[in-house]
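From first to last, the protein sequence lines are chains C and X. Following the numbering used here, the numbering of the first sequence begins with 1 at its first residue and continues without gaps. Following the numbering used here, the numbering of the second sequence begins with 1 at its first residue and continues without gaps.
Mixed in with the good hints, there may be bad ones.
[Claimed, not checked] Straight line, CA to CA, 20 angstroms or less: simulated PhoX-like cross-link-like pairs of lysine-lysine:
hint, chain 1, residue 1, chain 2, residue 2
1, C, 75, X, 38
2, X, 41, C, 3
3, X, 51, C, 41
4, X, 35, C, 62
FYI, nobody ran anything at the bench for these hints, they're computed from the structure.
Protein chains: 2
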Amino acid sequence: MGKVRVEVSYLPGVEDPEAITIAKNLHILGFDGIKSVKISKVYEFDVPDMKRSGEVTEVARKLLCNEVIQGYNVKEE
Amino acid sequence: MGKVRVEVSYLPGVEDPEAITIAKNLHILGFDGIKSVKISKVYEFDVPDMKRSGEVTEVARKLLCNEVIQGYNVKEE
Chain C
1 MGKVRVEVSY LPGVEDPEAI TIAKNLHILG FDGIKSVKIS KVYEFDVPDM
51 KRSGEVTEVA RKLLCNEVIQ GYNVKEE
Chain X
1 MGKVRVEVSY LPGVEDPEAI TIAKNLHILG FDGIKSVKIS KVYEFDVPDM
51 KRSGEVTEVA RKLLCNEVIQ GYNVKEE
C-alpha cells in the first residue's frame with residue numbers, strides 16, 4: 001500500500017479571494033505579524049498497487065485541477 | 001521573511017463527505033487503482049518577522065481549525 005499526495009494551488013498571479021479575505025481579517029483582528037497567505041488543497045490517495053500510481057497524475061490533471069488558474073504537484077510517499 | 005505552513009485535516013474516524021464522493025466517483029470513472037482519499041487544506045503564511053511566528057499557531061487553533069472534528073499541524077520553513 002502506497003500513498004500519493006497531490007497538492008493543488010493557484011498559479012502565481014492568480015487572485016485567491018479566500019486568501020485575500022483571510023489576510024484582511026487577520027489584520028482587523030490584530031494579527032499584524034502575518035503579511036499574506038496562500039491556500040492550497042492536498043489530496044492524499046491510498047494506492048494499493050503502486051504500479052498503478054500513474055492513475056493519480058491523470059486524476060490530478062483531468063479532475064482535481066483547473067489548469068487555467070491552478071497548478072498541481074504529485075509526490076509519491 | 002519566513003514562511004509558516006499550517007495543514008488542517010479531519011481527525012481519524014471523522015467522515016469527510018467530499019473525500020468519500022471523490023473516491024466513489026473515481027471508481028465509477030474506472031480509476032480502480034485508487035482505494036481512498038484523504039483531503040486537507042494548507043495555509044502558507046508569509047511572516048516577515050519570524051519572532052512573531054507564534055501568531056500563526058494561535059490563528060490555526062482559534063480560526064482555521066474546528067478542533068471537534070479537525071486537527072492541525074504547524075511547520076516553519
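Evaluated hints:
1. 75(C) / 38(X): Roughly 14 angstroms separates the two Cα atoms, so the pair holds.
2. 41(X) / 3(C): Holds, at about 17 angstroms.
3. 51(X) / 41(C): Violated, at about 27 angstroms.
4. 35(X) / 62(C): Distance ~18 angstroms between residue 35(X) and residue 62(C) Cα, so the pair holds.
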